[in-house]
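Chemist: Required output: the full structure, derived from the provided sequences and hints.
If you read the sequences in order, they're chains F and R.
Every letter in the first sequence is one number past the one before it in my numbering, and letter 141, counting from 1, is 141.
Count along the second sequence starting at 1, add 1000, and that's the number in my numbering.
Rather than coming from a laboratory, the hints here were simulated on the basis of the structure.
Ideal placement from N, C-alpha and C gives every residue a C-beta, glycine not left out.
Do not rely on the hints blindly, as some may be mistaken.
Each pair of labels, with its calculated beta carbon distance range [as the list claims (entries may be wrong)]:
| no. | chain 1 | residue 1 | chain 2 | residue 2 | range |
| --- | --- | --- | --- | --- | --- |
| 1 | F | Gln60 | R | Tyr1070 | 35 to 41 Å |
| 2 | R | Phe1046 | F | Tyr84 | 29 to 35 Å |
| 3 | R | Val1361 | F | Leu29 | 28 to 34 Å |
Once the Cα atoms are required to be at most 25 Å apart in a straight line, the calculated DMTMM-like pairs of lysine to aspartate or glutamate come out as [what the hints assert, rightly or not]:
| no. | chain 1 | residue 1 | chain 2 | residue 2 |
| --- | --- | --- | --- | --- |
| 4 | F | Lys12 | F | Asp176 |
| 5 | F | Lys47 | R | Glu1044 |
| 6 | F | Lys7 | F | Glu209 |
| 7 | F | Lys67 | F | Asp45 |
| 8 | F | Lys11 | F | Glu139 |
| 9 | F | Lys47 | R | Asp1178 |
| 10 | F | Lys47 | R | Glu1207 |
| 11 | F | Lys88 | R | Glu1168 |
| 12 | F | Lys47 | F | Glu139 |
| 13 | F | Lys47 | R | Glu1138 |
| 14 | F | Lys67 | F | Asp89 |
| 15 | F | Lys67 | R | Glu1138 |
| 16 | F | Lys67 | R | Glu1168 |
| 17 | F | Lys67 | F | Asp55 |
| 18 | F | Lys47 | F | Glu214 |
| 19 | R | Lys1011 | R | Glu1168 |
| 20 | R | Lys1373 | R | Glu1225 |
| 21 | F | Lys88 | F | Glu114 |
| 22 | R | Lys1011 | R | Glu1207 |
| 23 | F | Lys11 | F | Glu214 |
| 24 | F | Lys67 | F | Asp105 |
| 25 | F | Lys7 | F | Glu139 |
| 26 | F | Lys47 | R | Glu1168 |
| 27 | F | Lys12 | F | Glu139 |
| 28 | F | Lys47 | F | Asp92 |
| 29 | F | Lys88 | R | Asp1178 |
| 30 | F | Lys88 | F | Asp105 |
Not close to chain R: a few residues of chain F, all C-beta gaps over 12 Å, as computed [stated by the list, open to error]:
| no. | residue |
| --- | --- |
| 31 | Met1 |
| 32 | Trp18 |
| 33 | Ser142 |
| 34 | Leu239 |
| 35 | Ala339 |
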Amino acid sequence: MKARRVKAIAKKELIQVWRDPRSLMIALLMPLMQMALLGYGVNLDIKHIPVCAFDREASQQSQALLKRFQASNYFRVVEAVGSYQVLKDALDYGRCKLGVVIPPDFSERLVDLEAAPVQVVLDATDDNTASIGLGYAQEVVSGYSGDIQLVSWQRQGTLAQNPPAVVQSRVWFNEDLNSRNFVIPGVVAMVLALVGAQLTSLTISREWERGTMEVLISTPVTRMEVMTGKILPYFAIGLVDATLCLTIAVYWFEVPFRGALATLFLTTSLFLIVVLGVGYLISVAIHSQVGASQIALVVTLMPTMLLSGFAFPIDQMPWPIQAVTYLVHSRYYVTILKAVFLKGSGLVALATPISLLALYAAAIAFLAARAFRKTLD
Amino acid sequence: MWGRIVTLLIKEFIQLRRDSSARFRLIVPPLIQVIVFGYAATFEVFSVSMATLDLDRSQESRELISRFTYSGRFHIVDVAQTEREVDAAIERSDAAVAIVVDAGFAQSLRNGQSAPVQVIVDGTNSNTALIALGYVGEVAATFSQDYATDLAQRLHGAAARAVEVTLEQRPWYNPNLDSRWFFVPGVIATLILVMVVNLTSFAVVREREVGTLEQIMVTPIRPLEFILGKTIPFFLVGLALMALIATVGTLWFRIPFVGNPLVLLLGTSLYLLSILGLGLLISTVCSTQQQAFATNFFVMNPMMVLSGFSFPIASMPDVLQWLTYLDPARYYLVIIRGTFLKGVGMAALWPQMVALAVLGVALLTTSILRFRKSLD
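Modeler: Pasting the structure below:
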C-alpha cells in the first residue's frame, strides 16, 4: 500500500464531495436536521394527562381525592362528567385519557371502615402512556389512603401509626428521569449510522454510474488502497459530524456528560469504521447510486430505530429478536454512548461492548478490503 | 378518455408483473416490518432485574423481600451482602433496581414508626425506570397496608379495622396494555407513506430520466389522464397494503378489529389522496431518481416522527405540535386506532376525515397544476 496513491484517491474523493451538493447536504444538513427532529420529537415524558372526573357522590371526601389529582403535576382535570355515557364519549372522542370514577357510597364506606374502591378508566390505545398514568394514579390514591388511615386510627385511639414501610427511591444516572437524557445519546448513534452509510454508499457506485470505473481500474491502485483512500475522507467527515452531534447533545440538549472524552473518541472511531465499511460494501455490490443509497437506508434506519435499544429496551424483547440485535452494529454503540454519557463508565466497565464493537469493525474492514475487484463485470 | 387511462393502467400492471424484484419489494419489506414491529417495538416492562440487600435480617424484612420475589414483576439477579455489591450490580447494569432494607427496619415497624426502604433505580432508561418505580411502589404499599391492618388487629382485636382506598384499573380498548395493539395497526400508516410516496415519485421521475416521458407526451394522452393512469395503480397498492397488514395483524398478532371496516376504507382512501399528491409533488421538483430519493427521505422522516406513530404528540414541544397538524399521517393514525381498538365511527372520526380530505385535495391540486406545467 503506497501512501501517495491513497492520498490521491482521498483527495479526489474530498473534491468530489465538496462539489456534489447532495453529498454535502447529507454530510452537514442531515445531522443537524436529525438531531433537532429526534431530539425534540422523541420524548417519552408524560405530564398533564387529561383527566375526566366522574364524582358520583360529590362529598367532601370525594372532592378531596379529586383535588389531589388536580394538584398532581401529572394530571390535568379537564372535565367533570355526570354519567358513564359522557365518560365513554370523552374517552372515545379522545377528550381525555383517563377517567376517575368515585362510587356513590365512597365516604360511607370510609366511615364504616371498609375498603373504598376508586375506579380508574384509561384509554389504553397507547399502552405506554396508560401504564405510566396508572402508576401516577396509584401514587395519588395511596397517598390519600395513607392519610385517611392515619386520621382514622387517631380517632379510634390506636397509636398514630405512620405509613409503615416508606419507599425512599434514589434514581441514579438520570436523576430527574428525563427521557431526553436517555434518548439523545441514542439519537447521536442513529445520526452517525445513517449519515455514515449514506456517504460511503455512493463512492464506488458513483464510479460505475459516471463511467470512471474503467479509468480507476486501469490505474495501478490495489484494492486496499482504494478502500483506504475512499473511506479516509469520510472518516474525517464522520468525526466532524460526531463532534457536531455530541456538542449539540451536551450544550444544546444539556445531556449530562460524565465519561472521558478519550473513551468517546475511541468508540466513535470504531463505530465509524463499521458504518462507513457497511456503506462501502453496499456501494461495491450495487452499481447504481440510487439503489445503493436506498439499501443503505433500509439496512441502517429500521434496525437502528428498533433493535439498538435506542428507545425500546432490548432485554424485554422475545429471545429470537434479542438474538438478532447482536447483529445490529448500533446496539453496541448505543449501549456505550448511554453508559459514557450518563454513568461515566470507562474502558474497563465497557470492555464487553467495546471489544464486540472492535470485532465488528475488524470483520467489516476485512470484508471491505477484499470486496473491491479490479474487473469490469 | 377512460379507454386511454385503462390502456395506461394495463401497461403499468404489465410492467409490475414482469418486474419480479418490484413484486418482491412490494410484499416482503411490509411483512418484515410488521413482524419486527410486532415483536420488537415495546415499551412494556415485563420483568425488572433486581438486586436485594437485607441488612436487617428480620422476619419483616424477609417478608418484604419475598413479596418482591413473588410479585411476578421482578426477577432477583443478585442477593447482595454489602452496599458495595449493590452499587456494583447497578453500575454494571446487571440489575435495574435494587432494594436495600437497612438494619432497624423491623424495630421501627414494631414501634409504630415509619420504616424506610431504600430503592436504587438505574434511571438510564427513564421510561423503564418509571414503570419499575411504579411496581416497587405497588408492592411496598400492599406490604404497608397489610402490616398496618395486622398490627391494629393485634393491638385492638378484630374490631380495629383499617380504612383503605383502593384503585380499580379499567384499561379500555387494550385491557392487557399490550404494546403490539398500539404499534401493529400503526404500521399501516407508515408503510403506506413510505411505499406509495416512493412508488409514485419514482415512477414519474424514472420515465423522465429514461426519456420515455417524452414518448408518452407525443401520444394523444392528456396530462390528467396520464396522472390518473400513474396514480390509480398506486392507490390500489395502498389499499392492498392496508389489507395485508390488517390481515397479518388480526390473524397472526390477534389484534382486535372492533370498528367498521368501511370507515377504515374511507379513511385510507382519503389518506391516499394526500400521499399520492405528495409523491406527485416530489416528482415535479426532481429531475433525477437520486434527487427524488433524497427529497423523499427529507420529507418522510419528519412525517413519521411527527405522526404520533410511536412517540406521543402531547409530549412534544409546542412548535412541533403545531407542525403535526400538517401531517396527514397524524389524522390517519387516529382513524386506524379508532377503528381497530376503540370501535368508534364517523361520529367521532369526522374531524380527522375532514382534515385528511382538505390536505388531500390541497396536495393533489397543487401537484397536478405543477405537473401540467412541468410537462408543457
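Chemist: Report the numbers of all earlier hints that the structure fails to satisfy, in ascending order.
Modeler: The structure conflicts with hints 4, 8, 10, 18, 19, 21, 25, 27, 33 and 35, although it agrees with all the remaining ones.
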